[in-house]
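Chains as they are written, first to last, in the working numbering: chain L, 685 to 1573; chain A, 341 to 449.
Be aware that one or more of the hints could be misleading.
[Said to hold, decoys possible] With the Cβ distance kept under 10 Å, some of the chain A side facing chain L (calculated, not the full set): (1) Phe350; (2) Ile384; (3) Tyr388; (4) Gly392.
[Claimed, not checked] Partial list, derived from the structure: chain A residues whose beta carbon lies under 7 Å from chain L: (5) Gly362; (6) Gly363; (7) Gly367; (8) Ile368; (9) Arg377; (10) Gly379; (11) Arg380; (12) Ala389.
[Claimed, not checked] Listed below are the simulated DSBU-like cross-link pairs for lysine-lysine, each with C-alpha atoms no more than 30 Å apart in a straight line: (13) Lys897(L) - Lys853(L); (14) Lys1039(L) - Lys1122(L); (15) Lys777(L) - Lys744(L); (16) Lys397(A) - Lys777(L); (17) Lys744(L) - Lys417(A); (18) Lys417(A) - Lys397(A).
The set of hints was computed from the structure by calculation and includes no laboratory data. Ideal Cβ positions, reconstructed from N, Cα and C, are used throughout, including at glycine.
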Amino acid sequence: MTLPRLARLLLAVAAPPEDRADLLADLQEEALALARSQSPRIARAWYRQQALGSIVPLLKQRAAGLVDRDAYTERQMTPFPHDLWNTARIALKQSARRLRFEWRYALGVVVILGVGIGPATAMLSIVERVLLQPLAYQDPDRLGLVRINLGQIQNSPGLSPGEVLDLRKTQGLFASVEAENRRYELTLNAGDTLVPLSAVSITSGMLPMLGVKPILGRPFGEADVKNQQSQPDTVLMDYGTWRSRFGADPGLVGRRIVLNGNPVEVVGILPAGFVLAAGGAAPEAIDLYLPMGVPSWRNFHAFPTIVRLAPGTAFDRVNTTLEGLAASLVKAYPDAYSGARLQFTVSPLKEDMVKTTRPALNAAIVGVLLLLAIAMVNATGLVIARLRTRERDFAIRRAIGAGSGSLVADVFMESALLTACGAVLGAVLGAIGLEAAKRLIPHTVPRWQDITLGGGVVLDAAALALAGLFSCGLMPLWRASRHVPWQVLQSGSTRSGRPDGALSRLFLAGAQVALTVILAFGAIQLVRSATRLSEVDLGFDPTVLTFRAPIDNQTFRTPAARADLLERIRDRLRELPGVEAVGAVSHLPLSGSVLTDTWTTDLSKQTGWDLQTANYYATVPGYFASMRIPFRRGRDFSDIEDRTGQHVVIVDETLAQSAFPGVADVTGRLVRLGWGLPDSRIVGVVGHVRGVEIAREVRPQIYAPIGLFTQIPNFTMRVTGDPTRLIGPIQIALKELSTGRAGSSFALLTDNVAAATSTLRSVTGLVSILAASAGLLSAMGLYAVIAYLLHSRRRATAIRSALGASPGQLVRLHFRSSIAVLLVALPIGVGLAVVSAPLFASLVFGVGVRDPESLAEAAAIAVLASLAGTYMPVRRAATINPVVALRSE
Amino acid sequence: MSQTDQLGPFELYVLLAVAQLGGDAYGIRIRQDITARAGRDVAIGAVYATLGRLHRKGLVIFALSEPLPQPGGRSRKLYTMTSAGGRALRHSTQMLGQMMAGLDLSRNH
């Protein structure tokens, strides 16, 4: 039988040396006997239990012996805590008194630690929330999101309802399979105004699967799910919406509200903070949840599907089994899949959510940890220097009989006091930094606004710092205890040549230089990427005012009526002063929402999964002019085409080139779109717009008249002067044209552009601040080391100066140390920067991942920082007055 | 009365076990003895810690046994009670007896 190794190790550490062998042998003997008489498993459990029960009494016994062997037996009625507390209290008092006299040193260490701990805690708090606990669902690790690959659909979180039913039919894989549809909009009739509300339909098992219960009312049941044709007549409401729109009226439950003209009963209110994951980074709160059934059709893949794994299953096994399912589905439904490759993958929901934010967070974590490392190295350097000045003090105390226990307590208390102050400062800086970060990056990570500075994280960082300081503090202490006290006492106050410990301090300085290179490299790369990204030609001019105008679908039932209304609004807005152009579109570029459709120019083909996809936009004539999207060929839609819903389209140049390679003028040609629409004639070709991502072209674009489109359109207005002054007149104009209509969500399109670059910009800002702090800290570190070296060589310098060395010669002489540090540290720093470069890769845009120019600049920054740190003390030493220096001997 | 004479409950157990086991009291036997008599599984570490304390107070002494009859066999620390230990034990048990005199614990107190 083997004994539990960890338990044995703990016992060995805890037992007093004189009893260690006996104790372990005794225990082993009895455990073996027990294994023979009962079973090895019971014996091991017993051994662990014995070890656990033994550690506390043994440690108490040893601590009592350590603090004061004799005092313990005399005062055993008040055992060890009192003694330890007393020693600690005295050490604390003495440390505080000493540090008060040397407040400059104390302040230096505290500031350095605070600067290191602050950003680290802020960042780690974010990481803790975002990467480790992003979901407020029950048992979230068993939840998975299903993604599908099918022809042009790649890794999409949208299944067809038929496939949802297929997943439900599998045996033993899932405890539940629940679907939602993509977010859409409903219009709430609230008195004489129309309010757009976001909505999503969910299957009735969704909320129970997530472990979410309404705080008022009831969840959905099977009875709420109507057949596909009739509208649902029950709804669950978001907590925030209930508060803001209905004043948290508990009587709302059971009452009817009017949505898109239909009365719907509110059956329950969901708990505060609930958001529904939908296969993206940052699920937003949705106003209304409607019940949804699962029909059996398979031609529309738009239903994000969340599963809970059956007990005992793992994601690997599920994915392997689903391969078989996919193959059998393709065979069973040849029409639906037309031979395309079908694949389902289920990944943990949490992982799916943090996938997009992970690279940015990784980069930031590396940055803060490097900064923390630099701060620790720096503070440690200061602590070591200070303890060396106290060597005499220690030697005297030892000589008059101080035990090593009290000296250790002394060093520990001083370190602890400094770390505690550093941690408080760090917590304050961290809280400020976190608030700033929240404002900088509003929507890129889940539950962003809930993030608070974790107290545990501050403690962790402080413990780390304390461990570093203390272990470094022990080094000189160990040296002091090794020295026979009289040697230390005898040695003079200054020595010539290289003082003890200079090498280790130069090493610390070198480490800081290397870390500075890494951080500076990251910052330079990100600044360059941000600059390149801001120079990208978006294909449109984003300085337009946008707003949404809900339409009363009861009054304006036909497409023609809606198109006519939108045109009248457009014409009315054109008359407002300072308005240059007005249009409207279904989805704004860079808004995050987009509609895609398949297309082909091969008119013999029916729609299928091998067709290419394009972004599909419905527009009101005037849109292109208002956005300054240039026409390459042809023209905009006419109002007639818009109103009568004629089958005409405008395509972007990317689509024109790939559909008709080599054809100069593609107007008049036919394109077949998906959804069974008739073939459409191209009437114009416009420039490509970066509609989904700034950094790359995602899909070509197809524009159609808005007539057929029923959702709330976005108006785009190009105006001269301050656009916000028009908000009032716009509202008046909208109300004049029809009762009960008000614009909402007024914004500038430049905000979308800013939001699309916000992650990069905020990470850039963060890393730049870190790099600047690192440069400053490493300059300070070198300053401290060089000043210390020169101070100890003061006498030699003075003698040289007295013998006729010029200040220039002395400066050159003293710069040698710094140059030596740089020669070693720079290549190491550059090497590490090259190795760590892939961490930033996904954030870098338009520059090489290991751009040599950035590397050179980073190295230059580190050189400048270290030379700046060296210059001041060297200058002072070189202009030393030999008479003054030697007199002080 | 010196404070050395006052024994904690666990010290009392260990000292009693040492007395009970005569010349054959060593760590694991003491543990087993207490476990068997008191019906409570005690941690070996607590026994060793207490033996160390009793030893420092001069209530027990130990001698090393002959090596165990096996290759590399170790010597055991055999504990015996000193006369001071005997006094402390008597004192504590007497005190307990005096305190309990006249009490009938079988009644429902």
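Evaluated hints:
| no. | hint | result |
| --- | --- | --- |
| 1 | Phe350 | holds (9 Å) |
| 2 | Ile384 | holds (5 Å) |
| 3 | Tyr388 | holds (5 Å) |
| 4 | Gly392 | holds (6 Å) |
| 5 | Gly362 | violated (19 Å) |
| 6 | Gly363 | violated (17 Å) |
| 7 | Gly367 | holds (5 Å) |
| 8 | Ile368 | holds (4 Å) |
| 9 | Arg377 | violated (17 Å) |
| 10 | Gly379 | violated (16 Å) |
| 11 | Arg380 | violated (11 Å) |
| 12 | Ala389 | holds (4 Å) |
| 13 | Lys897(L) - Lys853(L) | holds (26 Å) |
| 14 | Lys1039(L) - Lys1122(L) | holds (19 Å) |
| 15 | Lys777(L) - Lys744(L) | holds (25 Å) |
| 16 | Lys397(A) - Lys777(L) | violated (34 Å) |
| 17 | Lys744(L) - Lys417(A) | holds (22 Å) |
| 18 | Lys417(A) - Lys397(A) | holds (17 Å) |
Of the numbered hints listed earlier, those contradicted by the structure are 5, 6, 9, 10, 11 and 16.
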